[in-house]
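Novice: Chain by chain, the residues:
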Amino acid sequence: MAPTRRDVLLASASVVGSALIPFGVAQASNNVFEAIDVFTGGASRLEGGLLIDAPEIFDNGGAVPIRVVAEGARRIALFNDGNPNPGVAVFSFGRFVRPEATIRIRLARSQTVYAVAEMADGTFREASQKIAVTVGGCA
Amino acid sequence: MAEPRPRVKLPRSIEAGVPFTVKTRITHPMHTGERHDSEGALVPRQIINRFVVSYNGELAISVDLEPAVSADPYVQFEMAVPESGHLEFQWFDDDGSVYSLSKRVDVD
Numbered sequence: 001m002a003p004t005r006r007d008v009l010l011a012s013a014s015v016v017g018s019a020l021i022p023f024g025v026a027q028a029s030n031n032v033f034e035a036i037d038v039f040t041g042g043a044s045r046l047e048g049g050l051l052i053d054a055p056e057i058f059d060n061g062g063a064v065p066i067r068v069v070a071e072g073a074r075r076i077a078l079f080n081d082g083n084p085n086p087g088v089a090v091f092s093f094g095r096f097v098r099p100e101a102t103i104r105i106r107l108a109r110s111q112t113v114y115a116v117a118e119m120a121d122g123t124f125r126e127a128s129q130k131i132a133v134t135v136g137g138c139a
Numbered sequence: 001m002a003e004p005r006p007r008v009k010l011p012r013s014i015e016a017g018v019p020f021t022v023k024t025r026i027t028h029p030m031h032t033g034e035r036h037d038s039e040g041a042l043v044p045r046q047i048i049n050r051f052v053v054s055y056n057g058e059l060a061i062s063v064d065l066e067p068a069v070s071a072d073p074y075v076q077f078e079m080a081v082p083e084s085g086h087l088e089f090q091w092f093d094d095d096g097s098v099y100s101l102s103k104r105v106d107v108d
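As you go down the protein sequences, you meet chains B and L in turn.
For the first sequence, the numbering used here assigns the number 1 to the initial residue and increments by one for each residue that follows.
For the second sequence, the numbering used here assigns the number 1 to the initial residue and increments by one for each residue that follows.
Bound conformation, chain L alone (with noise of 0.2 Å):
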């Protein structure tokens, strides 16, 4: 599997306390656990299970998820902050790893 590659996308300029959409992806096949390969065996269930968001320390969001989410798993969601500050994002792995990106918010 290639290294999972994470991105987010922001808007260009924020302002305190307008809500705004973070836009968020990680390259990722996903493997539901139910799927077999060209020889026939059972390809081994490997998901994103977790995925957490905060925001200067504190969660902002977290999601659980299933096999029956998409591959290169895609969540967006609005928020919006009173200041300026660092967004922290974090992918958890089914097989330990933890990927995670790092953005700096600075409102207008």
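Isolated chain B, as found in the complex (with noise of 0.2 Å):
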């Protein structure tokens, strides 16, 4: 049977999809861990409760929008493991402030996004996410 367009596509895709993503051998080329405990103080971090909202393909890596919401947190951090250095942004809530931010940031290359909540209760949360630059931000 004759390839269809539909299959065509998705083949296409999925070859630019892994073209774009090498993943494979991710591997942090900063002290990104270190710079999370520093942030923490050294606790552990649960998974759950704190969502990141960005793309996971960008076309340009000098201005990537990342949202971050954790219903419950006093503090919201952002680092990266692919840029000279680790740090992103440090968000503090108060009171007339919903806990959730949007912030444009550079990334160097293609590479994981990490996010760290410190809960009203003291504990922390983390989540991460891979995003795909095609045009790397000079970070």
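Treat the hints as calculated values from the structure; they're not laboratory data.
Misleading hints may appear alongside valid ones.
[Claimed, not checked] Reference excerpt, derived from the structure (chain L facing chain B, CB under 10 Å, subset only):
{"no.": "1", "residue": "37"}
{"no.": "2", "residue": "39"}
{"no.": "3", "residue": "42"}
{"no.": "4", "residue": "64"}
{"no.": "5", "residue": "68"}
{"no.": "6", "residue": "70"}
{"no.": "7", "residue": "73"}
{"no.": "8", "residue": "78"}
{"no.": "9", "residue": "80"}
{"no.": "10", "residue": "84"}
Values in this document were obtained by computation on a predicted structure and should not be read as measured data.
The beta carbon of each residue, even a glycine, is placed where N, CA and C say it ideally should be.
Could you fit the two chains together into a complex? Lean on the hints.
Specialist: Right, here's the structure in full:
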């Protein structure tokens, strides 16, 4: 049977996708986990309760939009593992503001972005997302 | 460097206790300290390193920024206020400058 247009599109999409995301050998090129430990004071981090809303593929590494939300968080910190320095931003929320923020960040290459939330009870949450950028931002 | 220009966008109408979106941006090159100019000289780091928003004098949100934040730093957040008042926005530059903007909030 001849391949349908749909088959061809799906096949080419997966080839493009795998070419863009060389994450099989992903390894931190900075001290991201040490930076996270400084933020948490070495406390362990639980999964869940913290959302990173960011594109999986983005063309411009110079301005990648990232939204973080953690209901009940006092602070949320953002980190990266592929720029020269792991820190990105730390948000501290007062009583008028929902524990949610959107910011635009630089990613020098495709890499993983980490968010760590300090909750009101002093515990920490962690979430991460891989982001592929087609043109790296000069970080 | 051109004088940084802060901007804040609020919804036209705000109701007491109802969440609304605040969009903020300031024009700034956010020099990372990792880049070289056309002569090959390292451009020294100069960024907005802190952004603080207060409502009637009380902290609403503060953000510590690193060089990984994009040029013309953009921060968006959601807030709700119980009554009319003043929103105060301050951006702190590595060079010691502070850029500020104030917005009156009149709840319906």
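Novice: Please write out, lowest number first, the hints stated earlier that are contradicted by the structure.
Specialist: 1, 2, 3, 10
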